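**Q** Given the coordinates of chain A, assemble chain B onto it according to the supplied hints.
The lines below spell out each chain.
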Amino acid sequence: MRVKQNSFKLNPTMLAFFINLLNIKRSKNMEPEICNINDPECHLDRIRGWHGDLESNMTSLIETLKDIRKHSEEAKTACSKHYAKTVELTKAKTRFTYEVSHELKAPLASVYNIINVILDGYLEKDFEKQKELLNRAKVRINDVIKLLNDLLTFSRLEEGTKKLEMEEINIGEILSSLTEEMNVYAGESDIKINWNFSDNLPHIYGNSELLRRAFINIIHNAIKYSNPGCLVKVTGKKENHLFLLKVKDQGIGIKKGELPKIYNIFFRGENARPEHKKEGMGLGLSLVKRIIDAHGGSIRVKSKVHKGTTAEVSFPAIQKKEK
Amino acid sequence: MPKEILIVDDDPDFVETIEIILQGNGYETRTARNGEEAFKKVKEKTPDIILLDIMMKTKTDGIWVSEKIRSEKDLKKIPIIMITAVNQDSEMAKFHLGQEKDMEYMPVNAFMEKPIEAKDLLKEIKKLIGGPK
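Same order as they appear, the protein sequences are chains A and B. Residue numbers for the first sequence follow the numbering used here, so the first one is 1 and each next one is one higher. Residue numbers for the second sequence follow the numbering used here, so the first one is 1001 and each next one is one higher.
Here chain A stands alone, though its shape is the one from the complex (with noise of 0.2 Å):
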């Protein structure tokens, strides 16, 4: 934006017009500098000073709306990666409401069934089915039961390990606590167990009913996803700072693209049937790594269809003191 000198040739009368005017202006607010009126190089060298000054803040207003417009993309590009945050998370929770109302009002609804139907008498003489009826409406109350359980766990969790009693535990003493109830569950689908732990099992720092839990829904699963005939392995030991439990079964297997997918609430594989389900899931998995990220643990699972699935889990160990 340069001035050139000869775009200024104006009559002598307009000239002194502009002079009279760009003067009283100036003199409003600076100190006066008056030129002669017959001196218009003095004008065009005020007129310069003061295109210079434009100029200059015309660039630093142009650098500053640059600035402000990289901070405002910049800002909406934090902004919708946000929203975009808050829709996912905000579906995620519709699902999980949806999710827990399914599996707390299907149940429910087989028990009243199950009431209805023996009170309005459609079985009235059958005595033993009404037994086998009643009896499955308590297996399912006790799934209900289960399931409110573990969401109390969930939540519990989800808001901090602070409000976790924790304390120093001897693994192998939770371990052989749950063997014997393992190997009849096991027993019930004509599948066996191979227990195999290490004599120098460590102590870790947790929650002794919470890792018990967790435990149990390892090998559950390999159990509950295992066919007749078929065996478990169950291995624990010290290694280096870790101990390490691995849970090996010869079962169905989980898909590829499906193992990203196991720690996800309520989430069951494809091939994991309604037949599969020798009671309720509870929150499985997904409250597993949440019990085992609680303690600074880690969980892997590996796994090929029809050959069987790996649960790999490590916690860390107390190092005993030397004396």
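Hint data in this document are derived by calculation from the structure and do not stem from the laboratory. Quantities reported herein were computed from a predicted structural model and do not represent experimental measurements. Hints may contain errors.
Said to hold, decoys possible - In the DSS-like style, the derived pairs of lysine-lysine whose C-alpha atoms are separated by at most 30 Å in a straight line are: (1) A/246 x A/320; (2) B/1119 x A/129; (3) B/1040 x A/256; (4) A/256 x B/1068; (5) A/105 x B/1127.
As the list claims (entries may be wrong) - Some residues of chain A that are not near chain B, with every Cβ distance over 10 Å (derived): (6) 34; (7) 39; (8) 40; (9) 58; (10) 60; (11) 152; (12) 205; (13) 239; (14) 257; (15) 296; (16) 312.
Beta carbons: idealized from backbone N, C-alpha and C, even for Gly.
**A** This is chain B only, laid out in the frame that chain A set:
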């Protein structure tokens, strides 16, 4: 010959109790535990009416079955009562369909929400196909 009702639900307790109610009222029943099995059974022998759970969690869900049945010339007139466990099922079905279609789009004759009252169910069936004989 009594009229036949096909009950489709992945919850065995629900299926069995509905069977007891319907048989107790003179209807004949057959059952299926997923969409694929349901469609196979419909093809084998046309039922007079289908009670179809929305079964959002199964691969071949209730929506799939209803669409499949409505697309077959010989089957499209079979009355269908869609059963949902949560009233939100219908909302979730929209997600599932991946389009903003109203539930009126769903090719079924009636919707019922669990828990089902036996008398309401019988009334709905009677309205659609009449009594058992």
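**Q** Now tell me if each hint is right for this structure.
**A** These are the hints, each one checked on the structure:
1. For the hint pairing residue 246 of chain A with residue 320 of chain A, the CA-to-CA distance comes to about 23 Å; that is within 30 Å, so the pair holds.
2. In summary, the hint linking residue 1119 of chain B to residue 129 of chain A is supported, as the alpha carbons are separated by about 22 Å, within the 30 Å threshold.
3. Distance check on the hinted pair: residue 1040 of chain B and residue 256 of chain A sit about 29 Å apart at the alpha-carbon level, within 30 Å; holds.
4. As the CA atoms of residue 256 of chain A and residue 1068 of chain B are separated by approximately 29 Å, the hinted pair is consistent with the 30 Å bound.
5. Restraint check for residue 105 of chain A and residue 1127 of chain B: the C-alpha separation of about 27 Å stays at or below 30 Å, so the hint holds.
6. Every CB of chain B is more than 10 Å from the CB of residue 34 of chain A (nearest about 74 Å), matching its label as outside the interface.
7. With a least beta-carbon separation of about 77 Å from chain B, residue 39 of chain A lies farther than 10 Å from that chain, consistent with its non-interface assignment.
8. Against the 10 Å criterion, residue 40 of chain A stays outside the reach of chain B, whose nearest CB is about 73 Å from its own CB.
9. Even its closest Cβ contact with chain B, about 50 Å, leaves residue 58 of chain A beyond 10 Å, as expected for a residue assigned away from the interface.
10. Every C-beta of chain B lies more than 10 Å from that of residue 60 of chain A, the closest at about 50 Å, which supports listing it as non-interface.
11. The non-interface label for residue 152 of chain A is consistent with chain B: the shortest C-beta to C-beta separation is roughly 21 Å, beyond 10 Å.
12. With a minimum CB-CB distance of about 38 Å to chain B, residue 205 of chain A clears the 10 Å threshold, and the non-interface call stands.
13. Non-interface call for residue 239 of chain A relative to chain B: holds, since the shortest CB-CB distance, roughly 39 Å, exceeds 10 Å.
14. No beta-carbon of chain B comes within 10 Å of the beta-carbon of residue 257 of chain A; the shortest separation is about 13 Å.
15. The Cβ of residue 296 of chain A sits about 33 Å from the closest Cβ of chain B, beyond the 10 Å cut-off, so the non-interface label holds.
16. Against chain B, the non-interface label of residue 312 of chain A holds: every CB pair exceeds 10 Å, the least being about 28 Å.
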